[in-house]
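Protein chains: 2
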Amino acid sequence: MTNKKPLILVTNDDGYQAKGIRALIDSVVGLGEIVVLAPDGPRSGMSSAITSVHPLRYSLLSKDESKDLSIYTCTGTPVDCIKLAINELLDRKPDLVVSGINHGSNSAIAVVYSGTMGAAIEGCIFGIPSIGFSIDNHSANANFDETAKIARIISQQVLQDGLPEGVCLNVNVPNTSSVKGIKICHQTKGKWIKEFERSKDGAKREVFWLTGEFSNTEPENEHTDEWALTHEFAAVVPVKIDMTAYDTITSLKGWEKLY
Amino acid sequence: MTNKKPLILVTNDDGYQAKGIRALIDSVVGLGEIVVLAPDGPRSGMSSAITSVHPLRYSLLSKDESKDLSIYTCTGTPVDCIKLAINELLDRKPDLVVSGINHGSNSAIAVVYSGTMGAAIEGCIFGIPSIGFSIDNHSANANFDETAKIARIISQQVLQDGLPEGVCLNVNVPNTSSVKGIKICHQTKGKWIKEFERSKDGAKREVFWLTGEFSNTEPENEHTDEWALTHEFAAVVPVKIDMTAYDTITSLKGWEKLY
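Residue numbers (the numbering used here), protein chains in the order written: chain A, 174 to 432; chain B, 174 to 432.
The reader is advised that the hints may include incorrect statements.
[Stated by the list, open to error] Straight-line Cα separation of at most 30 Å, DSS-like style, residue types lysine-lysine; simulated pairs:
1. LYS426/B to LYS266/A
2. LYS192/A to LYS178/A
3. LYS430/A to LYS430/B
4. LYS177/A to LYS353/B
5. LYS426/A to LYS353/B
6. LYS377/B to LYS236/A
7. LYS322/B to LYS177/B
8. LYS426/B to LYS430/A
9. LYS362/B to LYS266/A
10. LYS377/B to LYS430/A
11. LYS430/B to LYS373/A
12. LYS377/B to LYS362/B
13. LYS322/A to LYS426/B
14. LYS364/A to LYS377/B
15. LYS364/A to LYS426/B
16. LYS236/A to LYS362/B
17. LYS192/A to LYS178/B
18. LYS322/A to LYS362/A
19. LYS426/A to LYS236/B
20. LYS362/A to LYS367/B
21. LYS426/A to LYS362/B
22. LYS377/B to LYS177/A
23. LYS353/B to LYS192/B
24. LYS178/B to LYS364/A
25. LYS178/A to LYS177/B
26. LYS266/B to LYS266/A
27. LYS367/A to LYS367/B
28. LYS178/B to LYS236/B
29. LYS178/B to LYS353/A
30. LYS426/A to LYS353/A
31. LYS367/B to LYS430/A
The set of hints was computed from the structure by calculation and includes no laboratory data.
Please read all numbers here as calculations on a predicted model, not as lab measurements.
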């Protein structure tokens with residue numbers, strides 16, 4: 174048995190230059206050996222997308238031995254980063270995957286579209302305790318101080334306790350300098366509405382820009398991640414990689430006679 | 174109240190020219206008014222990715238009044254197609270969303286990466302009964318006869334009965350001319366291994382091509398979608414859009430004291 178430090182793999186979906194990933198890296202320095210493999214530019218909204226029609230490349234950006242920190246960039250998606258790191262770059266399995274800190278919340282149904290959470294889900298598929306962190310502020314220059322503190326505390330706890338098999342964490346932090354506490358929540362029910370802005374391109378042809386606002390169907394439910402954020406709590410949602418709706422299997426069994 | 178035919182929205186992730194979507198369109202002709210809004214080229218492995226950094230466009234490709242069928246193409250992802258259709262193209266909410274028929278199975282953890290299922294999940298987020306169909310054959314020229322028959326039967330059933338709120342279907346059909354029947358299944362546990370092929374680009378620099386094989390951790394479990402496919406049954410997995418691991422919330426409650 175070797176007595177190695179924990180290995181922590183870091184990625185995000187805003188790209189290696191984002192302020193959020195710099196804050197996340199700083200928050201885990203000292204907890205182990207840190208390897209960053211992050212996209213070479215923004216990959217927001219990439220969900221669990223993978224790249225199969227193009228080849229992938231990665232390259233070393235910097236090493237800082239005083240922090241036991243190596244930073245690599247990759248041409249792929251957040252999930253590609255996790256796959257490349259674990260299959261090709263690292264010589265041992267990470268003890269923790271952390272993704273973010275995303276510029277913008279990934280609460281409620283946004284978990285489905287989030288590249289930040291795509292990376293955390295991918296770590297979880299590999300059987301590694303994995304966490305996605307986001308702040309409820311889209312600004313490139315958001316203040317990550319509180320979120321980074323919470324990221325360090327939760328990362329330490331997960332390194333110590335692990336997570337249940339097949340479960341990763343979606344952590345969203347409100348945009349405030351004094352977070353009131355942590356709430357363990359479920360994914361808020363709701364959907365996005367008014368999703369496009371019509372515009373014209375240079376040749377006066379109609380184009381559509383994705384935008385929209387979240388319509389919350391359970392705004393008063395204090396067990397939801399949206400409630401937590403609105404009330405200045407950090408929201409921790411445990412997320413399953415098994416998407417099966419087990420409670421509907423029995424009711425659908427009759428359909429086995431259809432063919 | 175108008176007495177309109179059901180409105181069926183069709184998309185896929187292999188693009189409008191794929192044989193699979195043509196088979197799916199033919200399978201639902203006659204069940205209602207059919208509107209296709211499909212990507213203008215392949216978007217495999219796009220998961221629930223959305224496009225926010227570029228504008229989206231769509232355009233009419235063809236209309237066939239004898240089949241009550243309109244086909245549009247779109248510059249975006251499968252999820253973008255569903256969002257554009259529902260927000261901008263259609264004048265009423267669809268009664269059914271069908272996606273596919275994907276060239277290649279989306280069983281087990283592949284549901285997470287699948288653009289076919291991304292579209293079905295998106296339909297479900299809008300509250301519309303939604304189904305993704307795939308055949309366990311990646312060939313561009315796969316024989317879709319059996320899968321199309323099953324797609325029609327299941328589509329009819331879903332039009333008649335609906336689906337539980339927040340649940341869509343992931344239907345995978347084996348590559349055989351005589352499917353033995355339908356099994357209602359859960360998502361097989363397992364992961365992908367040996368995921369990259371190392372190669373060189375034109376300048377002799379190392380590149381990585383995504384590939385891999387599925388390692389099934391419950392191969393003898395007859396309630397899994399992989400078992401069904403291996404035994405020549407069509408696998409129907411009900412898929413939840415709420416990814417919360419509810420059964421772990423209580424065990425994590427203690428973490429609320431961390432901050």
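Numbered hints the structure breaks, given as an ascending list: Hints 3, 4, 8, 10, 11, 12, 14, 16, 17, 19, 20, 22, 25, 26, 27, 29, 30 and 31 not satisfied by this model.
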